[in-house]
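Q: Let chain A serve as the given structure and place chain B on it in line with the hints.
So the protein sequences, as listed, match chains A and B.
For the first sequence, counting from 1, position 606 maps to 606 in my numbering; every step adds exactly one.
For the second sequence, counting from 1, position 606 maps to 606 in my numbering; every step adds exactly one.
Misleading hints may appear alongside valid ones.
Unchecked claim - Computed from the model, here is a short list of chain B residues facing chain A with C-beta under 8 Å:
id: 1; residue: Thr-196
id: 2; residue: Ser-442
id: 3; residue: Glu-637
Just so you know, the hints here were simulated from the structure itself, not pulled from any lab data.
Ideal Cβ positions, reconstructed from N, Cα and C, are used throughout, including at glycine.
Protein chains: 2
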Amino acid sequence: MGDSKEEVESISPYGLARSTVKGSPLSKDDIEKYNDFFKASLYLSLGMIYLKQNPLLKKPLATDQLKARLLGHFGSAPGQIFTYMHFNRLITKYDLDAIYISGPGHGAPAVLAQAYLEGTYSEVYPDSSEDEDGLQRFFKQFSFPGGIGSHATPETPGSIHEGGELGYSISHAFGAVYDHPDLIALTMVGDGEAETGPLATSWHSTKFLNPITDGAVLPVLHLNGYKINNPTVLARISHKELEYLFLGYGYQPYFVEGDDVESMHQAMAATLEHCVLEIRKFQKQARDSGKAFRPMWPVIILRTPKGWTGPRKIDDKYLEGFWRSHQVPITDVHENPEHLQLLEKWMRSYEPDRLFAGGKISPELKALCPTGNRRMSANPVANGGIIRKPLKMPDFRNYAIKVEKSAVTMEASMSNMAKFLRDVMANNMTNFRLFGPDETESNKLANVYAAGKKVWMGEFFAEDEDGGNLAHAGRVMEILSEHTCEGWLEGYVLSGRHGLLNSYEPFIHVIDSMVNQHCKWLEKCLEVEWRAKVSSLNILLTAVVWRQDHNGFTHQDPGFLDVVANKSPEVVRIYLPPDGNCLLSCMDHCLRSSSYVNVIVADKQDHLQYLTMEEAIVHCTKGIGIWPQFSTDRGEEPDLVMAACGDIPTHESLAAVDLLLQHFPELKIRFVNVVDLFKLISHIDHPHGLTDSEWTSVFTDDKPVIFNFHSYPWLVHRLTYKRPGSKNLHVRGYKEKGNIDTPLELAIRNQTDRFSLAMDAIDRMPHLHNRGSAARETLHTAQIKARNEAFQNGVDPPFLKNWTWPYNGLWKQTVTPKLTG
Amino acid sequence: MGDSKEEVESISPYGLARSTVKGSPLSKDDIEKYNDFFKASLYLSLGMIYLKQNPLLKKPLATDQLKARLLGHFGSAPGQIFTYMHFNRLITKYDLDAIYISGPGHGAPAVLAQAYLEGTYSEVYPDSSEDEDGLQRFFKQFSFPGGIGSHATPETPGSIHEGGELGYSISHAFGAVYDHPDLIALTMVGDGEAETGPLATSWHSTKFLNPITDGAVLPVLHLNGYKINNPTVLARISHKELEYLFLGYGYQPYFVEGDDVESMHQAMAATLEHCVLEIRKFQKQARDSGKAFRPMWPVIILRTPKGWTGPRKIDDKYLEGFWRSHQVPITDVHENPEHLQLLEKWMRSYEPDRLFAGGKISPELKALCPTGNRRMSANPVANGGIIRKPLKMPDFRNYAIKVEKSAVTMEASMSNMAKFLRDVMANNMTNFRLFGPDETESNKLANVYAAGKKVWMGEFFAEDEDGGNLAHAGRVMEILSEHTCEGWLEGYVLSGRHGLLNSYEPFIHVIDSMVNQHCKWLEKCLEVEWRAKVSSLNILLTAVVWRQDHNGFTHQDPGFLDVVANKSPEVVRIYLPPDGNCLLSCMDHCLRSSSYVNVIVADKQDHLQYLTMEEAIVHCTKGIGIWPQFSTDRGEEPDLVMAACGDIPTHESLAAVDLLLQHFPELKIRFVNVVDLFKLISHIDHPHGLTDSEWTSVFTDDKPVIFNFHSYPWLVHRLTYKRPGSKNLHVRGYKEKGNIDTPLELAIRNQTDRFSLAMDAIDRMPHLHNRGSAARETLHTAQIKARNEAFQNGVDPPFLKNWTWPYNGLWKQTVTPKLTG
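Next up, chain A with everything else stripped away, as it sits in the complex (with noise of 0.2 Å):
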């Protein structure tokens, strides 16, 4: 078992270029420039990785003008630089506009090598200078304390995608382009990338690109041929298999093939030309005849020696064409004299002294980049913050939902906040995009198709016209893969537009990782002084926990919270608006952000109003605030504060303030609702967090609180920890403890439901005395009755879910005259 000899290949797969585009673009003298383009590339890679000090060997190699700590990745950095030169030709015989994303960005001194040589480095970087100081400052603060890292990071001039994370290319690329037809992005996708789910569901994109309004996506699929430690999937099966896989991905593959330098170079010019043609030819049938298809979109799939033009062996062990040479290709140059005479003398294979006279390339070679924002590294499309345009606003309180009496009118919150995005992506119909999995209209989001319909490349049916809202010319992004929509969404925004993504919320955890990234990438964008602020990203979470009692379990997980509060708070906002005109107000509030991950969660069913449009600015505003329509404190010292945040644990909390006062119409309540959940926070700590004395304000230091919250309670209590009065505060929210059920039930079995916050308060109360044990005694009763009905009937008993507030407006005005007088 297992393998045997017979059946090891041995045949390489290089040698002289083999590729599916015929023809030799270039001349003799074309192919010395771009060899010496290339060698130069290629010596700045290496030198990024190994040297702080004698930037262009102008002496012997030394130890101790190596780093100490060796770091960085060389891999893919020859076949990343060999595409991007040569695309450069193109760029300036047809005055392309494009950007250049790394999917393998952890070969960033190939980007960073092009930046350089391009002079976009020095013009940000002046520090890094086209000359050997400049040079030798650039090589240093590579992957050093202090310096840049070893990816394609936000300081990386051109760059929209780091890398650090794989699975994005292909979707941040789409993204870049939709909206941007006149835009090219040239994306590397790396064979190990390609391997991860987000990049394997991501090809699919072309079905949601129009030709006509959108850009192009030129992927280059580098087969690289192995990863950190084992060959590539893509690099090992037939190349059968290889061209059927993508013609089923819907895109007619390119093959350049091999490693023998010169032949290469035509290859690759010839291929991407040829691509280059094919593009602008589908855009132009689309364009001219203003039918929007579907084409065969052009991929390259290279295959270059991993370590392409390193030492084939370094003591009979493989390094070029082998993962051996896919982070520091010789590590031990420290401790081997013989390692480091091998490294000097390849690194001057590449010729620095001749390249590098006077510390730059030639004016000839120089020549062969594109100039000002033609060139990729310095394309504004990739610092998309200078051409970003603030959205076109409806004013939001045109959408109010009319509120005459605080808490008696249910009405439909999410639907009637779709109207106004309908008349936000009306006036913006270039630059702002709504993205889901399948769930817009599930999500009650339904009116935005009034503005525009969803996007499908794909083919129509007869039975379309039935309320499929299909169009080839859409606003709507829906496949059913989150990691597509998130990355399509950051893409467009990180390329200086706008959009929102709407989610259930269990499955939003899904992308924990990639918001994570996002959420990084944004706080490091804000040292890099550079890179204009972009719109923020915003995620509209429904079809919450409250709700999920019949999907079950699987559907219940409110914690997308808790990963967003992990990140830095000066990039992490959370809503939990409690109504509609709340809903209203954070949503136009989010939409006018820029550089934040904001994250707003609200259910999408019908839910009780409870604020006019102007007193939800207000609350919204503030972020927190004590309800005075539903407060029996009057202002003095109350016995108790019921507190919510989230619209279900809004409704409950104050439906059990009415069951407390029904016992006890004396008692001192107040209650607190929260819409900024880091209001909770120390000011300390999140710029929106309150001082000590505002939370007192609010919570008091020492009364019962007793908090309905939507999401997992311990969030509250890591926020509040610190808080005064830590200890009196009783923080209800999900649980672990699944079935299926009815919200009742669901509440019940978390202690949120009005019968159990009202139980808890009495328990928190104990001056209430026997009165109190009464009471609990009677709500326990209530609860159990309206329980078992919920079990025979399989729905809550009608009371619960039609309860309102029933004091006919303020409390103030209506109960006992001791309190009102």
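A: Same frame as chain A, but now just chain B:
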């Protein structure tokens, strides 16, 4: 712009069956029986969604017999039933060992109907007996409070895949068939699910399946056409593209398309039989020759209308073959008498009176089902715990790292532990596998390759001999997809075997949602009496945040622990072993355990060793402990508690103790180490939790505690906010702020370095007065000096990294007489 009428295709893709495989294996009589069985199943599916009474429609259908709240999904049920029942013929004919995986698990009525018709349901739930009363209860409980969910939940006999969150059917299926050479996993993949990233890459699982030692997956891609409100991508691309896509994925696609039931019976029967014979042919070829190879495994592409056999239109709105049939097909039957009639007519078209005469189906129909454990709903593999054999464990004590003096020697804890793993593997060569996303070697676990290499069914190159560690028959599973690794492991464990996933810490967030769902599955299983316990799902996290200074910000995220800590305490365990012997002890414990998700966090670099094996066993069993060898309180009231959780935090805290003792040799410091994170929480909230008095005996309730934590500091606060003296708990851990740095600088930024910890401690002991201030100054100066040196050289000063506990064993034996006396 947009879609114009000309572009709309109106040709229905349905009609008489069209299939790749021709043939008519069924007699006219067979067809009649299958038709009846199909109808009986469809009737049950609708019954579950609608009825709480009148289960056989013996009376006219009236609204009071309907469930008040209509729930459940019908759309995918017909196609699933169709596939399942036709596969039953082959199980019987060829005596196949098979399980069924329902990718679109929300079509649970299909699966439940089969389990009921096969008799399994009544066996495990005698209440749902095969008679009218039982049927009524069977219907009522579906998606009813206190009943079962609308997915293939753990309560479903034969299910190992719930399908609540989509994307994992194929990876679960492959996980189940690895090392089960006779098993076939018939796996329905919804075309919605097929759009997810995890599913899109999991097709490549065949590159890791050995036809000699593993079973086979027979995927059926169900082109149902629609998701919730959208067409599916794969149903709207050309036939040719679909074919190419699967050829590209390495499968031979067999199409079965149509909606004419009779011809579809023949087509499906013939196609499934062909595929089964193909599978057996490939297996025989490999097994007879002893030569493993990767054939083009069969995949069936089944195109039937969504809601097949339902009304095509209702009130001029499309139902069958459209997204409206996704969930409850007719929703307004309570209010609309005509629609109620329509439903009744539809249900009666399935002839319940004839097919369920006497409340159960006829013996002739029953005979279409296999019997005993050959029933897919009764296959023991799908209740993996009952076939699970405990691992043959080597004695982990034999792998002990020799520790003569505590905190003096540096050893490679991880690669040492890998020797233990190697022998676990060697002892269990058919029921233990190690999974990882191309990081096993990088994570210092390469020792395992001596027992089992990496499975690889792609092409082999000669260079693989140079340390490639690839083999057709291996034990290590590596693909650069955390999703696929996790999915395989889940499938492997749920089908009765054992395994471990190793991953970099930062990127484990990629599978947050999968781990969430697995936790929920385990939690639910605890309530299902007939489910036997499966092995724990073990996750080993290395490449931890504190050694990701050089990769920078994107690689720094220890927040997976927060996600896990939110799950039910009944099923989650988190361990942070401080050294090599503790790592061995924890690993041994986790591999022996069942029904948990165990997370072990341990760095892969060389680390200080603290405990002998005997000490480590005691320490890990306690989960938390005072380490007397580093404590100077000698059992008295301490001045200060220094606590640490995690290997690197322990190292730094200990170095801080040394710094403090250099300045204040008389200080009574207590050193506490936490291995088992849930020791921190109250025993009321987690079975591992300490009582408050245990807590106080370790941490005191009034002394300052400087707690150095591996992860985000808030996690400790959320676990401990109720503890006595929690106000004195000062937790240091990772906070979101990144750069390229040295370990020292990363720690300083988070105040987790020895200097910051020591200064922090001094700040909490005002009684040190001026001596404190002076010591603080000295420490601060030392910190700045060390930092500058690091920035200069690119590496931390050696004295930091090489620091060891300087007191020649126990403190109390060596220091000033005052303390030792």
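Q: Does Ser-442(B) hold up as a contact with chain A if the rule is Cβ-Cβ below 8 Å?
A: Constraint on Ser-442(B) satisfied, holds at 5 Å.
Q: Does Glu-637(B) meet its interface restraint, that is, does its C-beta lie within less than 8 Å of any C-beta in chain A?
A: Status violated, d = 24 Å.
Q: Does the interface hint hold: is Thr-196(B) within less than 8 Å of chain A, judged Cβ to Cβ?
A: Holds. Min distance 5 Å.
Against the hints set out earlier in the document, a violation occurs for number 3 only.
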